[in-house]
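Engineer: Below are the chains, spelled out letter by letter.
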Amino acid sequence: MAEELAPLTGSWFVATGEEGLRAFSRDGLAWTHDQTDREGVLLHQACFANGRCVAAGKYGGERIAFSTGDGVRWTQSKPEGRPYVSQLTILYAEGGKFHAVMCEDGDPPGELASIDGLAWEPRRPLVADRQNMKRDAALRRIALGGGRAVIVGDYGARLVREGKAPQFTALPGIPARDTLVDITFGNGVFVGAGMHGLRMRSEDGITWTDRTVGEEGEHINAMIWDGAQFVGIGQGGTYLSPDGRNWRREPNQNAPTIATFGNGVFLGALWPGKLLRSTDGMRWEQVHEFSHHVLGLAHGRLGPG
Amino acid sequence: MKMIQNHQSLAPLARRSFLRGAGVLAALPFLESLSPTVLRAGSRVPVGPPVRFGIYTVTGGTVSESWVPQETGRLGKLPSILRSLEPHKEDVLILSNLSQSGGSDGRINAHEHCAYLHLTGSDKVGKEDGKPIAGQSVDERAAEIVGSQSLISSIRMGSAGGETSFFFDQQGRSLPVERNPRMAFERMFKGRQLVAPNWQRRLALSGAPAPASGERSYETQVVDLVLEDARRLQKKVGAADRSKLDEYLESVSSIEKRVRRVQERIALEALDLKDPGPSHPHVPANLPPDAHAETRMVRAVGENPAIHAEYLRVMTDLMVLAFQTDTTRVCSLGLGSDGALFPGVVTVGYEHHAHTLEHHGNAGRIEDADPVAREGCRQIHAWYSQFFAEAVAKMKAIDEGGSSLLDNTVMLYTSYMADGGHGRTNYPALLAGRAGGKLTTGRHLAFQKDTPVANLYVELLDLLGDTRGEFGNSRTSTKAAYEGRLPGLV
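The listed protein sequences correspond, in order, to chains A and B. When the count follows numbering that gives the first Met the number 0, it moves up by one through the first sequence with no breaks and lands on 304 for the last residue. When the count follows numbering that gives the first Met the number 0, it moves up by one through the second sequence with no breaks and lands on 489 for the last residue.
In case anyone wonders, no lab produced these hints; they're calculated from the structure. Careful: at least some of the hints might be erroneous.
Heads up, simulated EDC-like pairs for lysine to aspartate or glutamate below, C-alpha to C-alpha not over 20 Å straight-line [to be verified]:
| no. | chain 1 | residue 1 | chain 2 | residue 2 |
| --- | --- | --- | --- | --- |
| 1 | B | Lys76 | A | Glu215 |
| 2 | A | Lys133 | B | Glu302 |
| 3 | A | Lys273 | A | Glu38 |
| 4 | A | Lys77 | A | Asp128 |
| 5 | A | Lys133 | B | Asp367 |
| 6 | A | Lys273 | B | Glu302 |
| 7 | A | Lys57 | B | Glu227 |
| 8 | B | Lys76 | A | Glu217 |
| 9 | A | Lys57 | A | Asp36 |
| 10 | B | Lys76 | A | Glu214 |
Per label pair, the in silico range of CB-to-CB distance [stated by the list, open to error]:
| no. | chain 1 | residue 1 | chain 2 | residue 2 | range |
| --- | --- | --- | --- | --- | --- |
| 11 | B | Thr355 | A | Gln75 | 23 to 29 Å |
| 12 | B | Asp289 | A | Pro121 | 40 to 46 Å |
| 13 | A | Gly172 | B | Thr71 | 33 to 39 Å |
| 14 | A | Gly59 | B | Gly190 | 38 to 44 Å |
| 15 | B | Gln447 | A | Ile205 | 43 to 49 Å |
| 16 | A | Asp135 | B | Gly436 | 50 to 56 Å |
| 17 | B | Lys130 | A | Leu117 | 55 to 61 Å |
| 18 | A | Val84 | B | Gln447 | 55 to 61 Å |
| 19 | A | Val212 | B | Thr71 | 20 to 26 Å |
| 20 | A | Leu117 | B | Ala292 | 42 to 48 Å |
| 21 | B | Asp289 | A | Gly172 | 44 to 50 Å |
Here a beta-carbon is modelled for each residue, glycine too, at the ideal position from N, C-alpha and C.
Next up, chain A with everything else stripped away, as it sits in the complex (with noise of 0.2 Å):
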């Protein structure tokens, strides 16, 4: 008889992937409470909200959604959408809610809500206007702050979300070279990071300026708010900035190509299935290996409380 799993709570990582991977961690360092599922299930997106947990992304054609509160139970839902056309590329919580974003080929996105991750709301349209919107553009990564939301993208897709607003509205004019890959929020202001170290910094969202560029081929995967500065973490170096105008670059080495910040603590992930840790941003040290490769990562509260 299999060893019961004791239910979590409190603030954990979570690491979702290829298989339907799941599993948590205090720390980055030991992970506890693995699961998969079967062959094909990839798990792109992770969220906490209201103390629970989803892991979504697809199965074949289809959307697919994990929600546990304790860790140990998983209950499946499918988001509604259009088989192989609809795909759930940003999971967020805001106001109580799970929200997933959802790109389609030549329609407009579109965003579903839940409360728990297991019961959605009827699909309703992301942008108010789809006309600065480019047909197939990916929606990749938001970050929301001063009571806006920033959604960033392909083709350099920016939507912002002003208040309480019910949809996004697309920024016009935007060059595809200034595709922003990831976005975060701090210290009053929204920065984003992109391809060849590119780095774009906005009070609103609308207006973007400080742009810099780094070394041709130096990506950026991630931009994160460690809570005193921005650290975007690129492929051989790591840029730090307290304000996203001033920036300072140290080399790094295996760096990972997502990753999260929690209690401290940046966990990252490298195909195939590393997981890596750093409290700098700077230098990674691989600290599990999971036989499957690990595509989202999150930090949150599961449990009441």
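Got chain A; can you put chain B on it based on the hints?
Structural biologist: Relative to chain A, chain B alone:
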């Protein structure tokens, strides 16, 4: 000296003696033309090993802004796709603005169009009876020039084939590629020991008859019997049958020559075994231990970059080994796959499928392409380049008696499409090695826009001793330039 006297004393030239001599005589022009011109004091014997020609071509379209240096002349910091070659930049030449202008017969898709033109530089490519048809590829022409001097005239390995057929014979028919590393190894080394030629000794003997091959082999005896029978028959048959029999005799004679060549090689290598060259060839570390492991490796190449990397390394090692042991002097690798997945190699976005990235990452104008997909393409090609850089490093480390294997080789590193949108202009083209001292490396040469790629092939063949001065559409292209040559390359 004694051997030369013996050679001179050979009285009336028997057919068999002539054949034996032909093997040696055929070697002489090659050795004189391909070896460096430095002569040992007081001697007429060339002192350098022969020039080898390698092709290392990868799949898919590259990203030119990350491949081609912005400055011409002496190489500065290399663009990111070639960054892994930075320690070897004094050993490479980057060439830009070379394009394919050949047309299609309308029966092939865009990938086939690029692939069939790739190494042939033809005016037109297409299909006949569903089979690819193009001009002769540069490797096969090279094999015609230098192939007879080594055990195998030309080796083609990798995963090229089907839509990505790069290699064509003189009649323009597509040639197969050895996909399995163990099979390739066995083809090269079954019944042979791995030994590096002692070029100093071989070249000192270059005017003398081939070393005696010991007792006549079983194969030789069989050929002799067949020939004797056929000749007896020849006297008895009529004119019509005699013609057929002549053809038969010719093919047997061809087999005889091959058997003879192998026998001579065995004898030559026996001498090398007693007194080998300075380097020590060894079996590639990643060679699959058995057929099962090999099948597993070949099947997973397109799905798992870690196994793909192992495959590239083992194929690269086989090429180096083939040159190091003088198994061949012309070796081509057609590597990669448009259909391959690159998780972990492509670190941006969610798409890892090379073909999808190629299409999304290209547009009529670069500014309109999806930069995330384009970055994925760049990462794939930077990844390929590191294996080529490893090959360069390995060849550089192989001492051939005062010069390295890389010094005595010219390697073409390229891709079958110029960009992922089936582009055929400004192909990636990099040469590594000095071709026995004939190439001055460490430079970037930019030619006039759309100079035919075939001009490069003319220059490469010229380095190997070709005297034709033209290849593919080097003179017939609508974009013909520089009278079919590449000024300043050599």
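Engineer: If a hint holds in the structure, say so; if it doesn't, say that too.
Structural biologist: Quick rundown of the hints versus the structure:
1. Lys76/B / Glu215/A: At roughly 11 Å apart (the allowed maximum being 20 Å), Glu215/A and Lys76/B satisfy the hint.
2. Lys133/A / Glu302/B: Roughly 31 Å between the alpha carbons, so the hint for Lys133/A and Glu302/B is violated.
3. Lys273/A / Glu38/A: holds (19 Å)
4. Lys77/A / Asp128/A: Roughly 27 Å between the alpha carbons, so the hint for Lys77/A and Asp128/A is violated.
5. Lys133/A / Asp367/B: holds (10 Å)
6. Lys273/A / Glu302/B: holds (18 Å)
7. Lys57/A / Glu227/B: Answer violated: Lys57/A to Glu227/B is near 73 Å, above 20 Å.
8. Lys76/B / Glu217/A: Holds - the C-alpha atoms of Glu217/A and Lys76/B are around 14 Å apart, at most 20 Å.
9. Lys57/A / Asp36/A: holds (12 Å)
10. Lys76/B / Glu214/A: Holds - the C-alpha atoms of Glu214/A and Lys76/B are around 11 Å apart, at most 20 Å.
11. Thr355/B / Gln75/A: 23 to 29 Å: For Thr355/B and Gln75/A the Cβ distance comes to about 28 Å; the hint holds.
12. Asp289/B / Pro121/A: 40 to 46 Å: Between Asp289/B and Pro121/A, where Cβ atoms are some 57 Å apart, the hint is violated.
13. Gly172/A / Thr71/B: 33 to 39 Å: holds (35 Å)
14. Gly59/A / Gly190/B: 38 to 44 Å: violated (51 Å)
15. Gln447/B / Ile205/A: 43 to 49 Å: Holds: the Cβ-Cβ distance is about 46 Å, inside 43 to 49 Å.
16. Asp135/A / Gly436/B: 50 to 56 Å: holds (53 Å)
17. Lys130/B / Leu117/A: 55 to 61 Å: holds (57 Å)
18. Val84/A / Gln447/B: 55 to 61 Å: violated (46 Å)
19. Val212/A / Thr71/B: 20 to 26 Å: Between Val212/A and Thr71/B, where Cβ atoms are some 24 Å apart, the hint holds.
20. Leu117/A / Ala292/B: 42 to 48 Å: holds (45 Å)
21. Asp289/B / Gly172/A: 44 to 50 Å: violated (60 Å)
In this structure, the earlier hints numbered 2, 4, 7, 12, 14, 18 and 21 are contradicted, and the remaining ones agree with it.
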